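Trainee: Make the full structure from the sequences, and use the hints.
Residue strings, one per chain:
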Amino acid sequence: MTVSASEIPAAAGIISVRNLIKQFGRFAALRGVTADFDAGKFHAILGDNGAGKTTLLRALAGLADPTRGTVAILGKNPREACREIGYMAHPSLLYDEMSGMENLRYFARLYDIAGDARCQQVIRSVGLDPELSRPIGQYSQGMRQRMSLARAILHDPKILLLDEPFSNVDVHSAQEMVGLLKHMRDAGKTIFVVTHQAALLEGVADEFIWMQAGQIVDRTPQLSAEHSGAGAQ
Amino acid sequence: MKRVFPILAVLTGLLLAYAFYEAIWVAPMERTMGDVQRIFYYHVPSAWTAFLLFFVNLIASVIYLIRKNAKADAVAVVSAEVGVVFCTVVLVTGPIWARPVWGIWWTWDLRLTTTLVLWLIYVSYLMLRRFSDSSQTPKLAAVLAIFGALDVPLVYFSIWFFRTQHPQPVIGGGGSIDPRMLHVLLINWLAFSCFAFLLSWARYRLEWLQREVEEAQALESLLGDGLAAPTRAPLDKTSSRTGPQ
Amino acid sequence: MNSIKFLYAAYIATWLIHALYLGTMVRRYSRLRQQKKNLGTGGK
Amino acid sequence: MSSLRSITLATLAKDIRLEWRSKDAINSMLFFSLLVVVIFSFSFDPNAEESRQIAGGLIWVAFLFAAVVALNQTWARELRNQVLDAYRVSPAPANALFTAKVLGNFFLVSLLEALMAPLFMIFYNLRALGPAWQLIPVALLGTWALVVNGTFFAAMSLRTRSREIMLPLLLFPISIPAVQSMVEATRIILSGDGAARFWIVLLLTYDVVFTTACLALFETVLQAE
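Chains as they are written, first to last, in the numbering used here: chain R, 1 to 233; chain W, 1 to 245; chain E, 1 to 44; chain Z, 1 to 225.
These are calculated hints, taken from the structure and not from any lab test.
Everything numeric in this text was worked out from a predicted model, so none of it was measured.
Here a beta-carbon is modelled for each residue, glycine too, at the ideal position from N, C-alpha and C.
Hints are all accurate, no fakes.
Once the Cα atoms are required to be at most 30 Å apart in a straight line, the calculated DSS-like pairs of lysine-lysine come out as: (1) Lys37/E - Lys2/W; (2) Lys41/R - Lys76/R; (3) Lys41/R - Lys182/R; (4) Lys68/W - Lys76/R; (5) Lys158/R - Lys14/Z; (6) Lys71/W - Lys2/W; (7) Lys37/E - Lys71/W; (8) Lys158/R - Lys182/R; (9) Lys68/W - Lys2/W; (10) Lys68/W - Lys36/E; (11) Lys158/R - Lys41/R; (12) Lys71/W - Lys36/E; (13) Lys76/R - Lys158/R; (14) Lys76/R - Lys71/W; (15) Lys36/E - Lys2/W; (16) Lys76/R - Lys182/R.
From the derived model, a few chain Z residues whose C-beta atoms are all more than 10 Å from chain R: (17) Gly57; (18) Gly194; (19) Ile200.
Over 10 Å on every C-beta distance to chain W, these chain Z residues come out as not near it, computed from the model: (20) Ser3; (21) Arg5; (22) Leu9; (23) Leu12; (24) Ile16; (25) Arg17; (26) Arg21; (27) Lys23; (28) Leu30; (29) Phe44; (30) Pro91; (31) Pro93; (32) Leu103; (33) Glu113; (34) Ala117; (35) Pro118.
Mentor: Pasting the structure below:
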């Protein structure tokens, strides 16, 4: 149920979610999530499989229309605020037959970004070589995740929504990516990371959001702080 | 509300019986075709009712696309399904009528062929609803309904011109019709329309029940996981039974 | 003229189709009512 | 709006480059169409006059099946890594993607037809009695009618369980007037009796009506989740 921008409360932080319910036929993925998130914070979203983490992230990205309730990004409907949203999903969201540079050049065009400068800069920032001509299909999983992250930050969005960015990535690459995200958070970006490797974000994330059965059950500043609901791996 | 349904059912039954009586005895026998022409009083009203139902489906689909309310979607499902049933009746009685009169089972007659194409379109509509189980099925179905409606005039004209190229016997005969026959025809149409309304109403209640059960099962599957979620789901406590979304 | 047979065939066919449809509706209705009762008692 | 055009061209260029690089779709299409033509030729052995009457139907049914196989591939590449999500999150308009995909399919299917038509001519040793040049607009308008709806329904059937079978189930009923127009127009042109003008006008109307409907409703289908 898309809601016109006027009905959404403006002042409630950069992102505000009101009683968000998402139902896929018989399965209720989100059962009434209500939350506000401030700008420039690094949020880690944790929880078991099926807790609704990915669905929440997709709802924030405007990919999943809420069955009931509202989602506001910068006071607007997620789709209206899409220039400020960078989304990275478990699959790479890149064309396997094209090289990293070709992929980014195409996506840059979708964001009206001309020239290769920005693409090269972003590829270097994730620690890859822009001249690498091998198609993405032949990248290692770690390199593919980095290129996917590069695509997500290509248009310099204020908000980053990353779904399992470190999954089956070697520890070294993962730590490098965490460092990059930390650097972006310090530069003022708002970052959401859905992950099962919470330990990587210890001391980096400003807030840990615990989800369970389609609901946010707790929000703690530290990972180890007492909390209810699902344990973190 | 509950009592109205049985009353309407009885009334419709009486009306149908009366219409049947009119069709069999009262209506004058057609000179050339004889009594078999009386199939006309079931064949044509069923077609009109089917077209009416498909029109309702179009309206409901457009309303759903604009306002996204579940009731319009339910009406769209119901009108499509009952419409297909009436269309099937037309497609079955047509050949049964053509066989004795022209000795052929099927004629690419304008009205009959249009009905056939409509039947194909709305069966594919129902298939789409059954195959796509995502929460966005209503939206996809509404789009397809609009495509189907846009197709109808094109189907009609293409077959009409095709008919002028290859003239073939026309079911139900063109030209003027004996006023008494017309009278019986209209009574039958009224009877079938009431019957269609009754069927739709029952099917609508069935659809609503299905959605309620589906939603309850969805909640059940989450709560039933035995998770002692500290914050009770607000859906249970605060929001009243506002009916399925 | 055996065309009368076709007349009856057409009328019967019409009501047969409607009866079949009503039958499926009744069957679905009872199945759903059963599911709703199961939900009430929390059993699956 | 320049961005709509530039994104459409960029998407089209990307598709053509990918297609040129792998060429898997075009090869399988070609071979499939050849099989369809040969099988149709085996199953009918008409003399000259008969072949002119039924050739129209055979050719277009063969093209229809070849087109459906091509249309089923339309979104294959986007599905592999859920690239559609990247497109949906971007500010790029949905119609740019749709137009690019339709144009891509149109070139692919037209290429198939251009290669298959001579085969039909040979197998059925057809010689058009009527104005043969009119076959061009019929083929172009007819192919566009199949491709624009086909691409739209291919996108729609992405959301369904059995994707491959869903596309023809949705496409064929809606395309009946278009297919009938193509077949009748071809038959008239080949046999030379009467004018195919009415059918060409009907095809044009069909194209205009459904291209507008597709452009208006594609956003709803793409974003449906």
